[in-house]
Amino acid sequence: MPELNHSDAPLPFPILIGDIGGTNARFSILADADAEQEHFPVVQTANFTTIDDAIKLTLEKSKVQPRSAILAMAGPVQGDEIPLTNCDWVIRPKTMIANLGIEDVLVINDFEAQALAIAEIADNHRETIGTSSENKTASRAVLGPGTGLGVAGLVHTQHQWIPVPGEGGHIDLGPRTERDLQIWPHLEPIEGRISAEQVICGRGLQNLYHAVCAADGIEPSLKEPADITNHALAGTNTQAEETLTLFATYLGRVAGDIAMIFMARGGVYLSGGIPQKILPALQKPEFRAAFEDKAPHTEMMKTIPTHVVTHPLAALSGLASYARKPASFGLATDGRRWRR
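First residue of the sequence shown? That's 0 in numbering that gives the first Met the number 0, and the numbers climb one at a time after it.
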């Protein structure tokens, strides 16, 4: 009978690696510590009733049968049934072990995986905005606007990188300028409050665009986040342009808050597809200005670098780094690892 296991022993190879988001799931297999990852096509979570179904179909494309799995998922990991925050899937490690031929399953938060990825990220897999840092062991933080807004920290101590998961995307976000005060009444709240995730993610971009249109007294003409972004970057829609500028500004404010919480002198990293798509907007002055505007600590904030992660499969890369060299990371497994 599968049961929770608190061992820190390395996962047995071959290892199935999964990055499970609200919209997409990405899988790879690592045959051994020296092997290249075998990547599989991206899975749309809406196309499968369960994660087990998605894994079964994925493994049909591989000649390698995994003995273990490490899965990063969007949401907190608690108990034997782990629901995703922005998806109907529920991860049931005991069922996976019983039905998929896997003997060892480790489940972590998806932004722990993003934190693992930035521990040793190469310069060609990041785009620096603002200053750069030479402090290779200073604390770092990562934010990812996507289906939701993920946040994690990365602390170096005792010769290990320790990822610090959380649900920082749900912190409160408030108005500061006169324009904010005009827009804020039109933002859609959740149970009476505006969280960062209500503005800084894909649906948040829509929420913000509709609020800008309402404040201007016009009907919104753009339907999808991609439409808003494309028109904003092309300069063909005034409200879309302002929406993207405000999105970058609010992302800068939250990124600066997270930088101070973790004292992330090693840098704050923006991960996921949205920062890559809106990189030209983030390179304009508003993002860094909002990031640094943290009196009385503005001068310190100017020394903290910000980066956009450009690695196409950063989370899978971070999980593979852990699978290859688990002793280099202080990754907690208590209550999150199941073994046959």
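Everything labelled a hint here was simulated from the structure, so no lab data went into it. Every residue gets a Cβ at the ideal spot worked out from N, C-alpha and C, and that includes glycine. Careful: at least some of the hints might be erroneous.
Pairs of lysine to aspartate or glutamate, DMTMM-like flavour, derived with a Cα cap of 25 Å [stated by the list, open to error]:
hint, residue 1, residue 2
1, Lys55, Glu35
2, Lys301, Asp122
3, Lys60, Asp79
4, Lys222, Asp256
5, Lys276, Glu298
6, Lys62, Glu80
7, Lys222, Glu166
8, Lys324, Glu37
9, Lys93, Asp122
10, Lys324, Asp33
11, Lys293, Glu119
12, Lys93, Glu119
Now the in silico label distances, taken between C-beta atoms and shown as ranges [said to hold, decoys possible]:
hint, residue 1, residue 2, range
13, Gly191, Ala8, 44 to 50 Å
14, Asp79, Glu187, 19 to 25 Å
15, Lys276, Leu180, 36 to 42 Å
16, Lys276, Thr49, 26 to 32 Å
17, Arg202, His158, 38 to 44 Å
18, Gly216, Gln159, 53 to 59 Å
19, Gln159, Gln77, 23 to 29 Å
20, His158, Lys60, 36 to 42 Å
21, Asp52, Asp122, 35 to 41 Å
22, Pro184, Pro279, 45 to 51 Å
23, Pro284, Thr235, 29 to 35 Å
24, Ile260, Asn229, 31 to 37 Å
Comparing the hints with the structure gives:
With a C-alpha separation of about 21 Å, the suggested pair Lys55 and Glu35 falls inside the 25 Å cut-off, and the hint holds. A hinted pair counts as satisfied when its Cα atoms are at most 25 Å apart, and Lys301 with Asp122 qualifies at roughly 20 Å. For the hint pairing Lys60 with Asp79, the CA-to-CA distance comes to about 28 Å; that exceeds 25 Å, so the pair is violated. Straight-line distance between C-alpha atoms of Lys222 and Asp256 comes to about 31 Å, which puts the hinted pair past the 25 Å bound.
A threshold of 25 Å between alpha carbons decides the hint, and for Lys276 with Glu298 the separation of about 29 Å lies outside it, so the pair is violated. With a CA separation close to 29 Å, the supplied pair Lys62 and Glu80 exceeds the 25 Å bound. Using a Cα cut-off of 25 Å, the hinted pair Lys222 and Glu166 is violated, with the two alpha carbons roughly 28 Å apart. Restraint check: the Cα-Cα separation between Lys324 and Glu37 comes to about 18 Å, which is no more than 25 Å; the hinted pair holds.
Taken as a hint, the Lys93 and Asp122 pair is broken in the structure, with Cα atoms around 40 Å apart against an allowance of 25 Å. With a CA separation close to 11 Å, the supplied pair Lys324 and Asp33 stays within the 25 Å bound. Between Lys293 and Glu119, the direct Cα distance comes to roughly 28 Å. Violation of the 25 Å bound is thereby established for this hinted pair. Of the supplied pair hints, the one linking Lys93 and Glu119 is violated, its CA atoms being roughly 32 Å apart against a limit of 25 Å.
Distance hint check: the CB atoms of Gly191 and Ala8 are about 47 Å apart, consistent with the given range 44 to 50 Å. The given range of 19 to 25 Å is broken by Asp79 and Glu187, whose C-beta atoms sit roughly 34 Å from each other. In this structure the supplied range 36 to 42 Å is violated for Lys276 paired with Leu180, their Cβ-Cβ distance being about 29 Å. The given range of 26 to 32 Å is respected by Lys276 and Thr49, whose C-beta atoms sit roughly 30 Å from each other.
Roughly 41 Å separates the CB atoms of Arg202 and His158, a value that falls within the hinted 38 to 44 Å. Separated by about 55 Å at the C-beta atoms, Gly216 and Gln159 satisfy the suggested range of 53 to 59 Å. At about 24 Å, the CB distance of Gln159 to Gln77 agrees with the hint of 23 to 29 Å. In this structure the hint that His158 and Lys60 lie 36 to 42 Å apart at CB holds, the actual value being about 38 Å.
Under the hint 35 to 41 Å, the C-beta atoms of Asp52 and Asp122, about 39 Å apart, fit the expected range. At roughly 30 Å, the beta carbons of Pro184 and Pro279 sit outside the given window of 45 to 51 Å. Under the hint 29 to 35 Å, the C-beta atoms of Pro284 and Thr235, about 22 Å apart, miss the expected range. Under the hint 31 to 37 Å, the C-beta atoms of Ile260 and Asn229, about 33 Å apart, fit the expected range.
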